[in-house]
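K.L.:
Protein chains in written order, with my numbering: chain A, 10 to 456; chain B, 6 to 165.
What the hints contain is simulated information worked out from the structure, not anything from laboratory work. Warning: the hint list may mix true and false statements.
As the list claims (entries may be wrong) - Each computed DSS-like pair below joins lysine-lysine, with the alpha-carbon atoms no more than 27 Å apart:
{"#": "1", "chain 1": "B", "residue 1": "K77", "chain 2": "A", "residue 2": "K404"}
{"#": "2", "chain 1": "A", "residue 1": "K404", "chain 2": "B", "residue 2": "K78"}
{"#": "3", "chain 1": "A", "residue 1": "K367", "chain 2": "A", "residue 2": "K41"}
As the list claims (entries may be wrong) - Short, incomplete list of chain B residues facing chain A, as computed with Cβ under 7 Å:
{"#": "4", "residue": "T9"}
{"#": "5", "residue": "P46"}
{"#": "6", "residue": "T48"}
{"#": "7", "residue": "D57"}
{"#": "8", "residue": "L60"}
{"#": "9", "residue": "Y62"}
{"#": "10", "residue": "Q70"}
{"#": "11", "residue": "S79"}
{"#": "12", "residue": "A80"}
{"#": "13", "residue": "M154"}
{"#": "14", "residue": "G159"}
What the hints assert, rightly or not - Derived Cβ-Cβ restraints for the label pairs, each shown as a range:
{"#": "15", "chain 1": "B", "residue 1": "R88", "chain 2": "A", "residue 2": "R22", "range": "40 to 46 Å"}
{"#": "16", "chain 1": "B", "residue 1": "P157", "chain 2": "A", "residue 2": "R180", "range": "33 to 39 Å"}
{"#": "17", "chain 1": "A", "residue 1": "E147", "chain 2": "B", "residue 2": "R55", "range": "53 to 59 Å"}
{"#": "18", "chain 1": "B", "residue 1": "Q122", "chain 2": "A", "residue 2": "N408", "range": "44 to 50 Å"}
{"#": "19", "chain 1": "B", "residue 1": "R86", "chain 2": "A", "residue 2": "V409", "range": "25 to 31 Å"}
{"#": "20", "chain 1": "A", "residue 1": "E147", "chain 2": "B", "residue 2": "V93", "range": "56 to 62 Å"}
{"#": "21", "chain 1": "A", "residue 1": "R99", "chain 2": "B", "residue 2": "P157", "range": "33 to 39 Å"}
All C-beta atoms in this analysis are idealised placements derived from N, C-alpha and C, irrespective of residue type, glycine included.
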Amino acid sequence: VAVIPIRSELRQRVDLALRQAIVDDRERGIFKVRRDVFVDEAVLEIERRAIFDRCWLYIAHTSELPGPSTFVTRKVGGRELLLTRDREGRLHAFFNTCSHRGAKVCREASGRRTAFACGYHGWVYDGTGKLVDVPGRESMSPGQIECGALDLTPVPRLDEHCGFIFVCFDRDAMSLADYLADAKEVLEIISQQGPQGMEIVRGEQAYCISANWKLLLENSIDSYHVHSTHATYLDYLNARDRQGQSATIDSQRAEGRARDLGHGHAVLESDGANAWGRPCARWVAGWGEEARVEIDAMIAELAGRLGETRARVIANGDRNIGIFPNLVVNDVMSLTVRTFYPVRPDYIEVNAWALAPKGESDSSRDRRLRSFLEFLGPAGFATPDDVEMLELCQKGYSNVQGAQWNDISRGMLKEVPGKADEHQMRTFWRRWHELTAGFEAAAGAAR
Amino acid sequence: MMLTVPAAEELLYQEAELLDDWKLVEWSQLFTADAVYLVPPTTLADADPRRDLFLVYDDTHRLQQRALRLLKKSAHAEYPRSRTRRLVSNVRVKPLDPTAARVTCNFVVYRSRAERQDIYPGHAEYDVVTDESGALRFRRKLAVLDIDMLRPQGRLSIIL
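Chain B on its own, in the form it takes in the complex (with noise of 0.2 Å):
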């Protein structure tokens, strides 16, 4: 599929924005029911999430229910919620097959709650489609995050 760079930029920054914003469900709503949500362990190039232990591994049910959970009183990790900011940058695209593109970008999230202050850097792989209507759909998103180990940062209960 042809998907120009500043097509695929605006996706993304719709993306960081619903996530910045808080509006998850409309997040869960950009992936295809056939969708994966992907954040592979901090140590491991060649990570399978079959059959290895990942730090996000949802399918498009989960990743629905993932968003709903955060959006709940009872999501004590995100109770009172964070305050996100993401940066996406350096995006490419480059074209998979006749009906998906591969994007690729670099972000940074900086994540804020009451004293705490932390950076999630990363960078991802989007497969992208095109929905019924026209619309661009994730079919699979990897966040990989370019730190060895969850510290400071401790808990990824922000969606990146």
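Chain A extracted, bound-state conformation (with noise of 0.2 Å):
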């Protein structure tokens, strides 16, 4: 009873911290954010609660389920899920712990299974998460396993929108398709690259980040920062590209602009304006001659699938997707897919994979690939320039108490703000602000 008070006290103090988090006013165009959020142990706990157990996260792509009885086991949202294909080819999550004593029932990360035994003491599970086998089961309470009781615990929710699978631990949740919002078109667009689909390529980069998550959905959003943090990127284009002449690329111009999609989702888009090329599809001259043929190819093929404009759009356009609240799908150099998630304040898992099209040719494939390695990933020539940036303001946050506001007002005052403006970030903070702040209040109230 004595830690009552203390617990509430602590609750009031987090309460108030959130709901003066942000200072977003419209009328001088000023947005800021408070730093506590990217340090405070009790600011993640919110998080957890009113954002990670709320939101749809992404778990897997349709591809890496190939066929019936396949699996993947992933951790999404700080828990261990069972993504499970049945014999009948219907997907189903589960929490990977046993029903009898608690073991993570699966172990391997992929593969072709129709039933799984736990280590423990031997139960197994089918493809739909019925406890099939129980070794002993003369012992087991009459009823105990044809009732049900038993299975596999499915996550509450799960639902695909375009391949990009995603669960909810909120049994009541608002549907996955409205809370995509506008975002469902985007990815829509993603997965018409390739006519027979889009698959994950194998090997998939899981590293670590010793920043706070949202820094990671910020930058990667931010069309801001490649001049400043990725110079060695654009030196390395001009020397293959452009015999050393200096490229442009739009940051500082008005091409592109950052769209809101919806809770909290949002893209940046431009069409042909940023000098890398595109595996699918924008030719550069790295590539050599061979290469324009073949990307000539895939732009006359996506244009008699789907017509001129949308081809256009699929082709020249760039794309970097925010999906609220730890989805980042960038459609750039090559396409990637990145998930993460906070361990601590100041450091978060991250895995990331290549999305290409299914069945694309072997020289289309391996361009992918370079491209994909020229930028992004632990050893690119830029993602680990910007681990170092999100981690370098991490470190500036010790000084919370002295120096306490993030400025995120680019373009604010803008009627359209552009690529290189902050308005898909601020998009990300009202949501965040939003799901957050009186989180605590109203949890207090509804015990």
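Grab the two chains, each in its own frame, and use the hints to assemble them into the complex.
P.N.:
Here it is as structure tokens:
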């Protein structure tokens, strides 16, 4: 009983801190975020409950479960999950936890399997999560197995859009289609790159960043930092494609825009304004003349299948998509899917993949992977520099008591915010604030 | 090609020294003009760089550019530079064909930067040939990390 006042005082403090976390002055064009939200353990606890326990979270792509009786295991929202396709090809998501004594049932990352046996006492489940075998069955109480109460526990919600599979731990959440809002169309555009659909390329990149999770979301949809953070990547493109002539990139120019997609999702999009090539499908000199012929054929195929207008959007457009809270799909010099989860306020686990058209030619796949690795991933010419910047931000926030606010005001008074403005980040933060501020007070009132 | 174990060891020690001393341009000159430098994904034993997503898939031009990039102050991930120390052991040699030998070894790279200490354990496979001047050169370097994921290392901004 003595503990309650202290906890409630803590709650009030966090509640107050979250209410005051954002300055959003639309008249003066000032947007600020208090740096406490990147370092405070109590804020992360609220985020876990108000965001990660309630929002739809990306788990996998349908291509990773290529047929009946396939599975993948993933950590999503801090939970160990098992995603299966049963014998009929239907998708199921379970907590990867044995109903008996709680051991993690499936230990492999992916594979093909009709039954999942817990290593501890040997309980066996099928792909629908049903408990099908228990050693020493005769000692179980009557009806215990048959009634289904000891089946694997399903994750409350599971759904899919254009191959992107999401789960949600909140039974009462809105549908995935409603949740994704205008992000649905952008995912459709991405999924139309290949005539046979899309697939995740083998070879997951699993790494970590010593920084707050919200910094990676911001960074993944930020055009403004490219010239400064990625100067060496631009140097490389110039050396390869322009014999050392300097390339321009659109971050200072008006081409491209940031668009609010609803529910905290946002996209940065432009049409042909960046220096890099796109495997589907924008040619650059460094790829050689043979590649040009193939790229032209890809554009023609897109136009024949989807019409000139959509073909141009797919082939020539670059887009960085942030899907609230922790999915990034960047369709730039290659196509990447990236998700992350905060283990601590200053530490995230990141998992990233390349997405590619199914049935793509060997030469196109090769070009795609080279182009990916030139920029992206823990050994790319750019991602490590992003990571360094995020870690420098986190270090800078050790001064939160003295230097308290981040400024995210760029382009706030423009009618149409440009790609190098910060509208997309404000979109994220407004949703973040909506979900977190007052969450404790509301939860307290409900108690 | 016949190559003795001591000669192979000397070559690998020379490479390790160049990398530890940040003589990266000199390191890139150890490769032939048609070389590859590969670091496969940590989770795939049978990965093919043309079909699967690697960590590093460099041709000679790109490994030269990697070296040049890392020497710039604007390569933020390595500015200030890491200190590294490489240990190379278990060196073995077998002839591949009349012009090339396959050298395999184990390695550990210790990386230290400010308060961070990271370890990159692995094994490597080199295809070694001689150039016109008779000097030994790498036509292929495959460095396999013996870890399941880049945690806690986070990044592979150094050359293995």
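K.L.:
Each hint: holds or not?
P.N.:
Taking the hints in turn, this is what the structure says about them:
1. B:K77 - A:K404: Roughly 23 Å separates the two Cα atoms, so the pair holds.
2. A:K404 - B:K78: 20 Å, holds
3. A:K367 - A:K41: 43 Å, violated
4. T9: 33 Å, violated
5. P46: 4 Å, holds
6. T48: For T48 (chain B), the interface hint holds, since the closest Cβ of chain A sits about 6 Å away, which is under 7 Å.
7. D57: OK, holds: D57 (chain B) within 7 Å of chain A, min 4 Å.
8. L60: Check passed: Cβ of L60 (chain B) comes within 4 Å of chain A, closer than 7 Å.
9. Y62: It holds, given that the least Cβ distance between Y62 (chain B) and chain A is near 5 Å, below 7 Å.
10. Q70: 5 Å, holds
11. S79: 4 Å, holds
12. A80: Status holds, d = 5 Å.
13. M154: 4 Å, holds
14. G159: 5 Å, holds
15. B:R88 - A:R22: 40 to 46 Å: 42 Å, holds
16. B:P157 - A:R180: 33 to 39 Å: Distance hint for P157 (chain B), R180 (chain A) holds at roughly 35 Å.
17. A:E147 - B:R55: 53 to 59 Å: Given a distance of about 56 Å, which is inside 53 to 59 Å, the answer is holds.
18. B:Q122 - A:N408: 44 to 50 Å: 25 Å, violated
19. B:R86 - A:V409: 25 to 31 Å: Roughly 29 Å apart at Cβ, these two residues keep to the hinted range, so it holds.
20. A:E147 - B:V93: 56 to 62 Å: Since the Cβ atoms of E147 (chain A) and V93 (chain B) sit about 60 Å apart, the hinted range of 56 to 62 Å holds.
21. A:R99 - B:P157: 33 to 39 Å: Given range 33 to 39 Å: holds, Cβ gap about 38 Å.
Of the numbered hints listed earlier, those contradicted by the structure are 3, 4 and 18.
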